[in-house]
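*Asks:* Sequences listed follow chains A and B, in order.
Be aware that the first sequence starts at 1, since it is given in this note's numbering, and climbs by one per residue.
Be aware that the second sequence starts at 288, since it is given in this note's numbering, and climbs by one per residue.
It should be emphasised that the hints constitute simulated quantities derived from the structure, not laboratory data.
Remember, predicted model here, so these are calculated numbers, not experimental data.
Keep in mind that a hint or two might mislead.
Claimed, not checked - Some chain A residues close to chain B (C-beta under 7 angstroms, calculated; not the full set):
1) 66
2) 187
3) 226
4) 240
Glycine is no exception: its CB is placed at the ideal position from the N, C-alpha and C atoms.
Okay, here's what each chain looks like letter by letter:
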Amino acid sequence: MVYDISKLLQKKKKSIIELWIKNQLSEAGLREDLISNEEIRQQSEELVDSLVNNLTQENITEVNSPDFDDVKDILSGISITRARQGFSPRETGAFIFGLKNALLELLQQEIKDDKESLYEATIKINRLLDSFSIVTFETFIKGREEVIIRQTDEITEISTPVIRVWDGILALPIIGTLDSARTQVVMENLLQEIVETGSSIAILDISGVPAVDSLIAQHLIKTVSATRLMGAECIISGIRPEIAQTIVHLGIDLSNIITKSTLASALKFSFQSLKLEVKRIPVKTAQ
Amino acid sequence: MERIPILKMGQVLLVTIQIDLYDRLALSLESDLVQMVKKTSAKGVLIDISAVSIVDSFLGRIFGNIASMCKILDAETVVVGMQPAVAITLIELGLPLTGVHTALDVEKGMILLNSNIETDVDTTDDLNEDDNYAF
């Protein structure tokens, strides 16, 4: 007797869902903090529905059949949301493998007496579910990569703020190491801001740069030269004694760049060159 | 052939480049400008490149050359309004335009030029006075 697996599964849809959900809930790593039982039930029902409805006796061996596009779409959706919610790969894997276990368990119950058919059906279901697992992993990793790319973008955005400290004075605190890509972003942001605000002095504060090597110094010099070409003056401030030592030992020539030890002294210098004065207001003593 | 107009404003020559320069135009600008500096004995040259969006190493060198030539003819050169992209390109090409003064816009460039010219006049005056004392 040849069993029609698709018919069998359609008939037993309810018990597949129950079995699968039971598997998921009994899983040790169930993340109740990330997903509620209702959501698990809803996702599981949707997936099983779609799988059972699209499965036929013919396409069960053709994992790339367009009939399964729906199933794969649903799987990708679930996988991507799980990646964004912060599920681990193991947990996401357990989700899809739970379905496989549920299906195999059911087949075992239903096709008890015919070992050969059971074996055949098991192989078919295994192949099908394995290909679904691959889709799940692919989309899971894609989802995580999207998260990483977004975070990288955010970090580059956050790490290069251009601050307007005074009318005509910009400050740019650099935190972390300067590589070529970051120098490019720093330079572009700074020059753009100079154009927009019409500032004539830019202060580049490097107190947050852990170490300066010849490459970083080169990047700094480039930024200063570009600022000069725009018609603004660039001051490098926040040079720590260790950095001054390294710069001299490396033989880097910063003699044609204005350098100040602190942001405060750079600001003072800027006030002087803009012919501004900061005064203390005399306090009137009570009579 | 196209020409870039050179305007005389007192002691200063004003050049505003409204189009993207190509090599031949840049060369003719160079020779015209040097001729004009000689003819008007201008004390300063102000080049506005705010509309120039593309530069290559050749144009970068031309700007440097113009500045050096004018310097020999006793005129200061100020390049104003450089676009950020242009500035980055010139730096990446290794052309920091060291003999050239720069300013953000024409107004600031004029202030810079005028202050330079005035200090020049002052120093010559001082020299003359010194000479008078000497005699």
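*Asks:* Compare the structure with each hint and give your call.
*Replies:* Results for each hint:
1. 66: 48 angstroms, violated
2. 187: Holds - the Cβ of residue 187 of chain A comes within 7 angstroms of chain B, reaching about 6 angstroms at its closest.
3. 226: 4 angstroms, holds
4. 240: The hint is violated - residue 240 of chain A has no Cβ within 7 angstroms of chain B, the shortest such distance being about 26 angstroms.
Figure legend: structure checked against the earlier numbered hints; hints not met, in rising order: 1 and 4.
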